[in-house]
Amino acid sequence: MTASTALLSLRAREIARTWRLWVLPTVIVFLAATGPVIVRFTREILAAALGAEEAAAIPWPDPTASDASAQWASDLTQLVVFVVVVMAAGAINAEVRSGVAAILLVKPVSRTTYVLTHAASLLGFIALAGLLGALVSWAATSLTFGAVDLAPTLGATAVWVVLAAVLVAASLLASAAIDAVAGAAGVGIGVYFLLALLSIVPHFSDYTPAGLIRVTTEVATGTQQLDATLWWPVGTGMLLTMGLIAAAVLVFRRREI
Amino acid sequence: MTAAVEITQLVKTYGRHRALDGLDLRVEEGSVHGFLGANGAGKTTALRILLGLARQTSGGVRVLGQEPGSASVSPRIGYCPDVPGFFSWMTAREVLESSARLFGLPTGTTRRRIDELLELTGLRGVDARVGGYSRGMRQRLGIAQALINSPALLVLDEPTSALDPLGRRVVLDLLAELRGRTTVLFSTHLLPDVERVCDTVAIIDHGRVLTAGSLAHVRTAFGGVQARIDVDVDDPARLRDALEGLPWIVTIDETAPGMLALTVTDLDEAQTRLPAEVAALGLRLRRVEQRDASLEDVFVGMVGVQR
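Those protein sequence lines, which keep their order, are chains A and B. Here our numbering is used: the first residue of the first sequence is 1, the next is one more, and so on. Here our numbering is used: the first residue of the second sequence is 1001, the next is one more, and so on.
A couple of the hints might just be wrong.
[Unchecked claim] Computed far set for chain A versus chain B, every beta-carbon distance over 12 Å:
id, residue
1, T5
2, R43
3, S74
4, L226
5, A246
[Unchecked claim] Example chain B residues on the side facing chain A (calculated, C-beta under 7 Å, incomplete):
id, residue
6, L1051
7, A1054
8, S1074
9, P1075
10, Y1079
11, P1081
12, G1085
13, W1089
14, S1098
15, R1101
16, L1102
17, L1105
Because the hints were derived from the structure by calculation, they are not lab data. Note that CB positions come from ideal geometry on N, CA and C, so glycine has one too.
If we strip away everything but chain A, and leave its shape as in the complex, we get (with noise of 0.2 Å):
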């Protein structure tokens, strides 16, 4: 077993054995679980809340599973993002502090090895949690509306894990220079609201990463085109994304333990 896979396998074991494993299967699975039932019943949820006129004043269309799709995309891009960025946020720093790295690093571990195993087990990890909630919304939305294809939610799903590399990438080269978790997370978050103020921006949502907020809903109720304004945001996402892990190693290289 190489040095690389021995780390890689100590990362797995972490999140397998501590906090990260619950907190965003949970939350993820959650959201995915609930999202189709309080669209499918917002009516009556809003008539128990406000009262039977009232609510009956309010137009209010009849909800569809495409509802319910756009409901999991905006779960994604709006809630579970900050759990990922607070995930990735501490995942040096908090060993920099602690004194794991300098144990680490001393072995044969080089500082590149030790900032990409983070990245693959982070972004591994995200995505198999993604995966779980595709899956779980995708058989709640078919039990509340009735059977639905699987691949409009699949899909979105694999966008928005688009959008959770950059801002675990943002978050790791924040960890990665920032002692404070604290400082990292606001880093991470910091650069969520910069994508989704750079989207509302003529030509940026259709060419940069920008556009990974808005080609995950579209993609998860159907309105999305396999065309270069998919392909652009996540193209471009993926390239950014690697480009921040690459500064993210460049400068814990450069980091004193």
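Starting from the structure of chain A, add chain B where the hints point.
Positioned in the frame of chain A, the structure of chain B alone reads:
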């Protein structure tokens, strides 16, 4: 002899603060070397640089003949910091297993080595997670993981600082056993530890080595000659005042009522001049006794003079 560690004119600055100020150090292969210094003297900074965890501002460092942190060096090094950090969710055995995997040790060797080290450090049968360990247990586990790869160079930062007397004895005996097979470099401010196991010693203060060499050399060359005098007076402070400032006196300490311990540079001069000084004050000299300088005398004398 070949040097396992060779540091020349090492400088490390943090802003305007010079943590290391031209440090020179040579540790011979197979020796047990004590790196002595008060808190903040620069010991940990120097160790971090030679482990590749920090970079020097200037100066040269060679570890096992290579650059610090290089791929050919790290498999041959063991390191335990003063407060070792571990994944809190692991048990001691898991820590050692993951360390062995990082070194690529064969499974059979790993199992045997882990059993030996857990036994040696008193952690065998401890199934609790590391997160619940005391500082002493963490330090023992730190030493165990540092030895998992049977390193050519073992670097320990204050390895006994959190240990109880029994644990301390075990670790010191272990370090003594490694002599000749493994080069051991350990920093400490616990002088008895150094006197007990070290072949050579370097005393560091304000980021530079004040003296280095074998224990015997450092004691005789830098400890001066100890002369103990016993004066029968009500007010020994008078004699102290009279002696302070004399060129052949290094230090004066009151060790008991009426008892002064002197460190002198020249025993002959002390034996000639001391009775005259005592007589001039109207005091009676009861006894003058010579003893060898201890490392503590050297350390206090040198570091005290510097501060």
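Hint-by-hint comparison with the structure:
| no. | hint | verdict |
| --- | --- | --- |
| 1 | T5 | violated (8 Å) |
| 2 | R43 | holds (46 Å) |
| 3 | S74 | holds (34 Å) |
| 4 | L226 | holds (43 Å) |
| 5 | A246 | holds (20 Å) |
| 6 | L1051 | holds (5 Å) |
| 7 | A1054 | holds (4 Å) |
| 8 | S1074 | holds (5 Å) |
| 9 | P1075 | holds (5 Å) |
| 10 | Y1079 | holds (4 Å) |
| 11 | P1081 | holds (6 Å) |
| 12 | G1085 | holds (2 Å) |
| 13 | W1089 | holds (4 Å) |
| 14 | S1098 | holds (5 Å) |
| 15 | R1101 | holds (4 Å) |
| 16 | L1102 | holds (5 Å) |
| 17 | L1105 | violated (9 Å) |
In this structure, the earlier hints numbered 1 and 17 are contradicted, and the remaining ones agree with it.
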